[in-house]
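Chains as they are written, first to last, in full-length UniProt numbering: chain W, 1 to 346; chain D, 1 to 266; chain P, 1 to 315.
Any given hint could be a false lead.
Derived pair list, reagent style DSSO-like, types lysine-lysine, alpha-carbon separation capped at 30 Å [said to hold, decoys possible]: (1) D/Lys36 / P/Lys307; (2) D/Lys9 / P/Lys161; (3) D/Lys48 / P/Lys123; (4) D/Lys36 / P/Lys151; (5) W/Lys131 / W/Lys162; (6) W/Lys270 / W/Lys176; (7) W/Lys162 / W/Lys186; (8) P/Lys161 / P/Lys151; (9) D/Lys48 / P/Lys151; (10) W/Lys131 / W/Lys186; (11) D/Lys48 / D/Lys68; (12) D/Lys48 / D/Lys36; (13) W/Lys176 / W/Lys186; (14) P/Lys151 / P/Lys307.
No lab work stands behind these hints: they were computed from the structure.
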Amino acid sequence: MHAHAAPIALPAVRFASVVRHFGAVRAVDGVDLSIAPGEFFAMLGPSGSGKTTCLRLIAGFEQPDAGHIEIFGETVEGLPPYRRAVNTVFQDYALFPHLSVGDNVAYGLRVRGIGRADRDRMAREALAMVKLSGMETRRPAQLSGGQRQRVALARALVVRPKVLLLDEPLGALDLKLREEMQSELKGLQRALGLTFVFVTHDQSEALSMADRVAVFNEGRIVQVGPPEEVYERPATRFVARFVGSANVLEAREAQALGGPARPSSLRPEKIALLAPGAPVPEGAALVEARVTDVSYQGPVRRVSVLTGEGLALTAAIPATAAGAMVGATVRLAVPRDAVRSMEGEQ
Amino acid sequence: MTRAPLSLKIAAIGGLAFLHIPLLFILLYCFTTEEKSYAFPPPGFTLKWFGVVWGRADIWAAVGLSLKVASIATVLALILGTLAAGALARARFFGREPISLLFVLPIALPGIVTGIALRQAFGLMEIPFSVWTIVLGHATFCIVVVYNNAVARLRRLSPSLIEASMDLGADAFQTFRLVVLPNIGTALLAGGMLAFALSFDEVIVTTFTAGQQSTLPIWMLSELIRPRQRPVTNVVAVLVILVTFLPILAAYYLTRHGEAVAGAGK
Amino acid sequence: MSLASLDLPAPRDGLLRRLSDMLVRRARLLTLLLLLPPLLWLGLVYLGSLFVFLGQSVFSIDEFSGTIVREPTTATLLELFRPANLDILLRTIGISAAVTVLCAIIAFPIAYYAARYAGPRVKAAFYLAVMMPLWSSYLVKVYGWKLLLAKEGAIGWFAGKLGLAGALEAWLALPLVGGPSLSVSYTGMVLTFTYLWLPFMILPVQAALERVPPHLIEAAGDLGAAPGLVFRTVILPLAMPGVVAGAIFTFSLTLGDYIVPQIIGTSALVLGQAVYTLQGTAGNIPLAAAFSLVPILVMAVFLTLAKRTGAFDAL
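One chain only, chain W, in its complex shape (with noise of 0.2 Å):
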């Protein structure tokens, strides 16, 4: 604790500089972070970029080889998993297959020296909470995915954890139940008011549940906010290209679009694609090019074009919207304020 503890929350988790290496690899290469109570947070980022390896040093299982973690203003460098108040829900789920889903729930509570009969109490409570009642006597092989999940996620907030850690929590989930969970998640995080950390390298997802988002890339950071601004605003072309695969381009040629003299991204669903003889919306720069290739996406089609002067774009069009054929000279008109500054580049 500082000397003037401030009324202001405190961070729930804080990572100060934090490097942590696996022989000369460096996983977490300088991470800093702010993660706010009740906040949901996504780390996002290809494997081997680190956002695993934060998960886990914040649980506890890894120790950062430079730098400074906190959790609620206590630092936790050197502390065992089972000393930090957090907890996680695994990958793999890591269900304790010799025992039932009651005690499976009920584990924490047996740990902390609960009597069977209040923990017993405690772990129906929390199954009913993620609508799996009656299943206490079942065994793990016996649930479906789905049901593995909730009761993992069930183990995990019976012990009242301070943060919520989820490691690819929907990765082994089919389309449909993984929308369902998505919605179930983030309508649980809001009831309980808990800070939620996730990881995913799936950008939907992260796009879609988290209030903010980090992308990692290479151990680092590259960028952190809420997903309009992370989607809308990528700061590196790394960034731009991992969410939502934007255009990027040179500073000369986002010039010649009408944008900043810096390197900038482009939202290929921003760019429209001009009937013949149509005017260029106001406020847009007109561009001519040859059509390289089409794929139809269901939604959208991505088409994409080379101009004279050598620029390849990728534009998103309704997939109603009459089609282009490849080999043909279209005209599109690309906003200026859609061609926006990566202020991370140089």
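Got chain W; can you put chains D and P on it based on the hints?
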């Protein structure tokens, strides 16, 4: 599945018969009336040898010593083998390979070498022969049986289970008691039973570490070299088969899902 | 949603928990502590004794007093190459080789049948049928063969009944493999050894054969290869690592045994018996140690070669 050629079938079944027929003959000779030779077919049949064995104090003393040695050696092997498996199942460090070789060495090298080496060491340190000198030898080669079984099971145990346990508030000892032990329990039981059978049956190392004491195999060996009442030896042999058969069968059923009964060998 | 509202009691903070803190923080310390007892046991008790014993092979024995001369010399090691001792070594290696070949021949059909044709039930039965003799008492098994091989025993009787008594006589009259009866001949000794170690050959060969993908055999057949050719060119090479792995066992176990030759066999010594007599009645520990080096050396060479053929994957 395609059908096997007849010749292959005959060869396979013949080979298995080769493995089992001698044991049947031992059973047969328990009932022979001829005690001076191995005359075949037995001239007559009798049950009297079972009574003779029942009354022989020297046999029962040997059985008692063997059971005692096997029990102590098994407990020691269980402790040391489990510790070794816990250390080597996942850890990667310099010197790991030579250390795992060291655990296998006692069954890889001829028993006579182990036996003489131990006897020399006892002589050098002036340790008199006792139950403990026998146990010392047996535990040495029983460790590997427990180790092999435990390591195989530990490697199949997901590391996230241990992390989950600690994450939920259990310290290392609680985690071992509540998560690790229940998950490797049957493998340890199987390893322990095999260790018991191995020790109960061991003769080569024991000849060097027993001194004047007589375990059951030592008793049998002296009967083989200087036979007295031959059918008595047969009855004891059948007894030995039973004592080793049951734990091995149990070990097989405990570990048959996914892993072979590991660590064969004398 | 009442869960977050109350606080759980903190777990009791005992001595064990603090010890656990230390171990979790230092994984290497934990590994070391786990490893220490078994390592001390095997390192001190076993390796220590082994080195002290084997180390004596560089000493020699004083021929008059019979005491050990503790001065390094190669004389004892060179003594191994005296004709009488070389005889013992060659004889033992010859027997081991014969046992190994015989084991491979008998094991192959069993392993092949179990790996390729047996359903799960039959396979389990085969496995048990191999495991049981493997783990049965060594002495009991030796005893079984003593019964069978005795002059008045079952093999002789069956040979007589089948009209093969003459053939048996003729075999026993042969030099080297023959003798006064089966129980005092090399034939009997090799048979007994083969019987004892056969399961050690079956298991790795079966493991190796199970790794041969069935479609490989079918493919060879489709390409028009005759069954014999498929066997020689596809199955046998793929089974070889298993055979080598099995041979490690059959060879080394035969090499070091001294009890079978004592009970069944000729009066000519084999290596194990030589070591036994040398350390016992003869009291020549240095030469016993020198003899003991041979099986260790042979096995080291064997293992190095086997490692190259990938035999260890079949273990």
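Consistency of the hints with the structure:
Proposed proximity of lysine 36 of chain D and lysine 307 of chain P is contradicted: the alpha carbons are some 50 Å apart, above 30 Å. Taking the CA atoms of lysine 9 of chain D and lysine 161 of chain P, the gap is about 26 Å. The hint holds against a cut of 30 Å. The straight-line distance between the Cα atoms of lysine 48 of chain D and lysine 123 of chain P is roughly 40 Å, outside the 30 Å bound, and the hint therefore fails. The hinted pair formed by lysine 36 of chain D and lysine 151 of chain P meets the criterion: a straight-line CA distance of about 13 Å does not exceed 30 Å.
Taken as a hint, the lysine 131 of chain W and lysine 162 of chain W pair is honoured in the structure, with Cα atoms around 22 Å apart against an allowance of 30 Å. In summary, the hint linking lysine 270 of chain W to lysine 176 of chain W is supported, as the alpha carbons are separated by about 29 Å, within the 30 Å threshold. The straight-line distance between the Cα atoms of lysine 162 of chain W and lysine 186 of chain W is roughly 16 Å, inside the 30 Å bound, and the hint therefore holds. The straight-line distance between the Cα atoms of lysine 161 of chain P and lysine 151 of chain P is roughly 14 Å, inside the 30 Å bound, and the hint therefore holds.
Of the pairs offered as hints, the one joining lysine 48 of chain D and lysine 151 of chain P holds, with about 25 Å between alpha carbons and a cut-off of 30 Å not exceeded. Of the supplied pair hints, the one linking lysine 131 of chain W and lysine 186 of chain W holds, its CA atoms being roughly 15 Å apart against a limit of 30 Å. A hinted pair counts as satisfied when its Cα atoms are at most 30 Å apart, and lysine 48 of chain D with lysine 68 of chain D qualifies at roughly 28 Å. Of the supplied pair hints, the one linking lysine 48 of chain D and lysine 36 of chain D holds, its CA atoms being roughly 15 Å apart against a limit of 30 Å.
Restraint check for lysine 176 of chain W and lysine 186 of chain W: the C-alpha separation of about 16 Å stays at or below 30 Å, so the hint holds. Proximity of lysine 151 of chain P to lysine 307 of chain P is assessed by CA-CA distance (about 44 Å); at most 30 Å being required, the pair is judged violated.
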